[in-house]
Amino acid sequence: MEPILTLNNVSKFFGGLLAVRGANLTVQPGELRALIGPNGAGKTTLLNLITGIYPVSGGQIFFKNQEISNLSPNVISHKGIARTMQITSLFSGLTVYENIWVTVQSRKKFFNPFMKAASLKDVEEKTERFLELTGLKDKGQLIASELSYGDQRLLEIGVALSTEPELLLLDEPTAGLSTHESMSLVKKMRTMLTGQTIVLVEHDMNVVMELADKISVLHYGEVLAEGNPEEIRKNEEVKKVYLGH
Amino acid sequence: MSSPHQKPTGFLIGFSVILVVLVLIPFFVDLFYMTFLTEVLVWVLFAVSFDLIFGYTGLLSFGQALFFGIGAYSMAIPISKLGIGPIPSFFLAILVPMAFAGFVGYFSVRLSGIHFVIITLIFALIGSTLGETWTSLTGGADGLTIPFTPLSVGPLTIDLTNINTNYYLVLIVVTVCYLLLRRLVHSPLGKVFIAIRENEDRARLIGYNVKRYKLLAFVIAGALSGVAGGLYGITLKYASANFLHWGVSGHAVVYTIVGGMGTLLGPVIGTGIIMILEHYLVNFLQGTDLVIGIVLVFMVLVAPKGLVGLLKRNSG
Amino acid sequence: MALIALGLNMIFGLLHIINMAHGVLYMLGAVVAWYLIDLTGNFWIALILAPMVVGVVGMIMERGLLRSIEDKPITTIICTFGIMLAVQHLVFMTFGGTPRRINVPIEARFQLFDLQYPLMRVVIALISIGVMLGLWFFLNKTKYGLWMRAVVQDREMAIALGIPVNQVYMWTFVLGAALAAFSGVLAAPIVYVDFMMGREILIMAFIIVIVGGMGNLEGSVLAAIIISLIQGVGSIFVPPAIATVFSLAFMIIVLLFRPQGLFGE
Numbered sequence: 001m002e003p004i005l006t007l008n009n010v011s012k013f014f015g016g017l018l019a020v021r022g023a024n025l026t027v028q029p030g031e032l033r034a035l036i037g038p039n040g041a042g043k044t045t046l047l048n049l050i051t052g053i054y055p056v057s058g059g060q061i062f063f064k065n066q067e068i069s070n071l072s073p074n075v076i077s078h079k080g081i082a083r084t085m086q087i088t089s090l091f092s093g094l095t096v097y098e099n100i101w102v103t104v105q106s107r108k109k110f111f112n113p114f115m116k117a118a119s120l121k122d123v124e125e126k127t128e129r130f131l132e133l134t135g136l137k138d139k140g141q142l143i144a145s146e147l148s149y150g151d152q153r154l155l156e157i158g159v160a161l162s163t164e165p166e167l168l169l170l171d172e173p174t175a176g177l178s179t180h181e182s183m184s185l186v187k188k189m190r191t192m193l194t195g196q197t198i199v200l201v202e203h204d205m206n207v208v209m210e211l212a213d214k215i216s217v218l219h220y221g222e223v224l225a226e227g228n229p230e231e232i233r234k235n236e237e238v239k240k241v242y243l244g245h
Numbered sequence: 246m247s248s249p250h251q252k253p254t255g256f257l258i259g260f261s262v263i264l265v266v267l268v269l270i271p272f273f274v275d276l277f278y279m280t281f282l283t284e285v286l287v288w289v290l291f292a293v294s295f296d297l298i299f300g301y302t303g304l305l306s307f308g309q310a311l312f313f314g315i316g317a318y319s320m321a322i323p324i325s326k327l328g329i330g331p332i333p334s335f336f337l338a339i340l341v342p343m344a345f346a347g348f349v350g351y352f353s354v355r356l357s358g359i360h361f362v363i364i365t366l367i368f369a370l371i372g373s374t375l376g377e378t379w380t381s382l383t384g385g386a387d388g389l390t391i392p393f394t395p396l397s398v399g400p401l402t403i404d405l406t407n408i409n410t411n412y413y414l415v416l417i418v419v420t421v422c423y424l425l426l427r428r429l430v431h432s433p434l435g436k437v438f439i440a441i442r443e444n445e446d447r448a449r450l451i452g453y454n455v456k457r458y459k460l461l462a463f464v465i466a467g468a469l470s471g472v473a474g475g476l477y478g479i480t481l482k483y484a485s486a487n488f489l490h491w492g493v494s495g496h497a498v499v500y501t502i503v504g505g506m507g508t509l510l511g512p513v514i515g516t517g518i519i520m521i522l523e524h525y526l527v528n529f530l531q532g533t534d535l536v537i538g539i540v541l542v543f544m545v546l547v548a549p550k551g552l553v554g555l556l557k558r559n560s561g
Numbered sequence: 562m563a564l565i566a567l568g569l570n571m572i573f574g575l576l577h578i579i580n581m582a583h584g585v586l587y588m589l590g591a592v593v594a595w596y597l598i599d600l601t602g603n604f605w606i607a608l609i610l611a612p613m614v615v616g617v618v619g620m621i622m623e624r625g626l627l628r629s630i631e632d633k634p635i636t637t638i639i640c641t642f643g644i645m646l647a648v649q650h651l652v653f654m655t656f657g658g659t660p661r662r663i664n665v666p667i668e669a670r671f672q673l674f675d676l677q678y679p680l681m682r683v684v685i686a687l688i689s690i691g692v693m694l695g696l697w698f699f700l701n702k703t704k705y706g707l708w709m710r711a712v713v714q715d716r717e718m719a720i721a722l723g724i725p726v727n728q729v730y731m732w733t734f735v736l737g738a739a740l741a742a743f744s745g746v747l748a749a750p751i752v753y754v755d756f757m758m759g760r761e762i763l764i765m766a767f768i769i770v771i772v773g774g775m776g777n778l779e780g781s782v783l784a785a786i787i788i789s790l791i792q793g794v795g796s797i798f799v800p801p802a803i804a805t806v807f808s809l810a811f812m813i814i815v816l817l818f819r820p821q822g823l824f825g826e
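So the sequence lines, in the order shown, correspond to chains F, A and V.
Each step along the first sequence adds one to the number in the working numbering, with nothing skipped, and position 186 is 186.
Each step along the second sequence adds one to the number in the working numbering, with nothing skipped, and position 176 is 421.
Each step along the third sequence adds one to the number in the working numbering, with nothing skipped, and position 258 is 819.
Any given hint might turn out to be false.
Said to hold, decoys possible - Far from chain V, by Cβ distances over 12 Å, these chain A residues were calculated:
# : residue
1 : ILE339
2 : ILE364
3 : ASP534
4 : ILE537
To be verified - If you only want the chain F side, here are some residues facing chain A, beta carbon under 10 Å, derived:
# : residue
5 : GLU98
6 : LEU120
7 : ALA144
As the list claims (entries may be wrong) - Here are the simulated PhoX-like cross-link-like pairs (lysine-lysine), alpha carbons at most 20 Å apart as the crow flies:
#  : chain 1 : residue 1 : chain 2 : residue 2
8  : F       : LYS79     : F       : LYS108
9  : F       : LYS109    : F       : LYS137
10 : A       : LYS456    : F       : LYS79
11 : F       : LYS139    : F       : LYS126
12 : A       : LYS482    : A       : LYS326
13 : F       : LYS108    : F       : LYS126
14 : F       : LYS79     : F       : LYS64
15 : A       : LYS326    : F       : LYS108
16 : F       : LYS109    : A       : LYS326
Keep in mind that the hints were calculated from the coordinates and are not lab data.
Virtual Cβ for every residue (Gly too), placed ideally from N, Cα, C.
Use the sequences and the hints to build the structure in full.
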């Protein structure tokens, strides 16, 4: 099978700082890959590189055999990659409904200035569908910034899914949630995720062990180890790096 | 997508009432106030165009005065120097500012936040510096007078030196622009602008070409500012380099903030109230900035959503 | 030269607090000085006192009005814009619209090549340089200066380290205001004292800060020098207005290619 995402010796410099060092990664379609590693290991940077927020300093990134290394985020989004952020990034002044609506609309090629937005039936339909999917339908008219933190994280995943991506990058979706809330979110995620390839950056090892097909461990910007959850759990190097985790 | 508050019939009724009042006013009010009202309408258009770029797209541009002034000069220069008639000149007042907005916007939208403010400011400064010194073209601060002779459009004779005729022309143009703008902000394109305002990064991540739409908003706002400028030139019968000064943009800022940014009604109310206030205060205080300044500070600290915001809060 | 000193001031006002009223503080310096000179007949006293008075004004501004909105840049722009309008008008009503002169305290001139060069300008330049050096010293060598720099760099860290951040913010603002006033007093004998003084300077100052790099003092000084040079040299070949346009165009180019300023990071 052709890998859906390939990172080929990718590095990233920030001024004098080498955040990512020759990272190699191959993800198969339909896989759920977890990216773990201590803080500062470069996980979020990697996601930023994939989504085009930063250009790569070296190496290439391939998505479905197309090089996407230096494309801009909006172009990459249309290729089929979506992302949630570590620090919630929503349209805070808009309602839940509007957040999803405007995301669904993003897939269109042309935005008509002469008709009423409400009359776009196809967008409306899809919005309702995605609202149902996230389970936030009854909170549709609430302003995003007024949602509970947990619901905001949920909405962020919903927004990402509304672009109907093939590859979904989740940056610490359970960040800031209690164990109970995290498990609740994971349960919801299981129903929401319908076969997309997922790269999950996480700190919460319970979540990782629950969900991951395969784990890549990042350390000081390099991929230290890779394997299925059992292998990683037993890996001595990984244990050293995660002192006391 | 409609919020529970937006009742189309409510708007239609309110709007029609106001329109009828505005149409009938000349019969009840004397000419001095008619000129004032005409000016208010022009500033309403300017404020609303500013609200498009600031309230709806989230870009603070002090450079709108540039397009306002260019709009005025697009009437003044063709008519007084090139002998071109008022109707083609009016189209120039739409197109020329739009072209300039495209130029300025092309560079400016690459930046965000304070840098955007500064770069638009610099462009405005270049414009006003050139305007003030290139006196052979612009007449400098003293400006160029625009001679208007009655013109025939089909069976009608339109004499723009007649204050009421002037008023109706302005009323028609401003109303049309307002309605167009209203349709725009509720349209799919309008929603894109709003998304950019709410969270530019997120908008980009979900696939919107943010630069392109910022530029589009900027050009549309610039075109409308130009139309306002053109109307101003028509009403005052002259254009001056002072129109290009960034302080003029400052007026739009005040009107919009006080009235309520991000709504269309806001700038309308804000302009009306502030201009009336200014009109009465000018005599007491040798100027109006003191009160304007205080009102601005007050609004910003206490009621950031403007008067419209206050009204919504009390009724909702 | 006064421009350079101003450039420095702007940085303070712009410690992420976009202060559109800064030009007004400059103007107030000159105006207050005028009143003081009227009272005492002594320029040098005014030079010391006026900045202190304006510093207090700055304190009131920061404490009273800006504290609550410091984290919202667009809001502060608008708020300080309002303050600028109000204060300018207030001065107009009390001081009057006619520009007034302050007598040059040092009347001597001297020969510089072929021109009669007023000594006052040299004195101003020297004082400006002195103040800048003093400032540099203060920021880099004293504890309070260190605090100021820390707060600018990383506010959270500063709080964690126990630095009284709010106080530092206030004093930074006050210092910026005082510096603006100081330049106003220095500039006063050369340009007329007029309620509109602040407006033109304000824009230039902002631009200098952005071009020099926000938060970077040396950058602002250099930027100011560069821009003055472009303008000065330009004025030799083309009319001054065009020279202004050139320097403005230069700034646009800088902004586009190095938005962090020439020397920012």
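Hint check results:
1. ILE339: Non-interface label stands for ILE339(A): nearest chain V Cβ at 26 Å, farther than 12 Å.
2. ILE364: Check fails; 5 Å does not lie beyond 12 Å.
3. ASP534: Violated, because the least Cβ-Cβ distance between ASP534(A) and chain V comes to about 4 Å, which does not exceed 12 Å.
4. ILE537: violated (5 Å)
5. GLU98: This hint holds: GLU98(F) lies near chain A, its Cβ roughly 6 Å from the closest one there, short of 10 Å.
6. LEU120: Cβ of LEU120(F) sits 6 Å from chain A, so the hint holds.
7. ALA144: holds (9 Å)
8. LYS79(F) - LYS108(F): Between LYS79(F) and LYS108(F) the Cα gap is close to 13 Å, so the pair holds against 20 Å.
9. LYS109(F) - LYS137(F): Violated. LYS109(F) to LYS137(F) sits at ~27 Å, over the 20 Å cutoff.
10. LYS456(A) - LYS79(F): Within the cut-off at roughly 19 Å; holds.
11. LYS139(F) - LYS126(F): holds (17 Å)
12. LYS482(A) - LYS326(A): Holds, at about 14 Å.
13. LYS108(F) - LYS126(F): holds (13 Å)
14. LYS79(F) - LYS64(F): Answer holds: LYS79(F) to LYS64(F) is near 9 Å, not above 20 Å.
15. LYS326(A) - LYS108(F): Violated, at roughly 47 Å.
16. LYS109(F) - LYS326(A): violated (44 Å)
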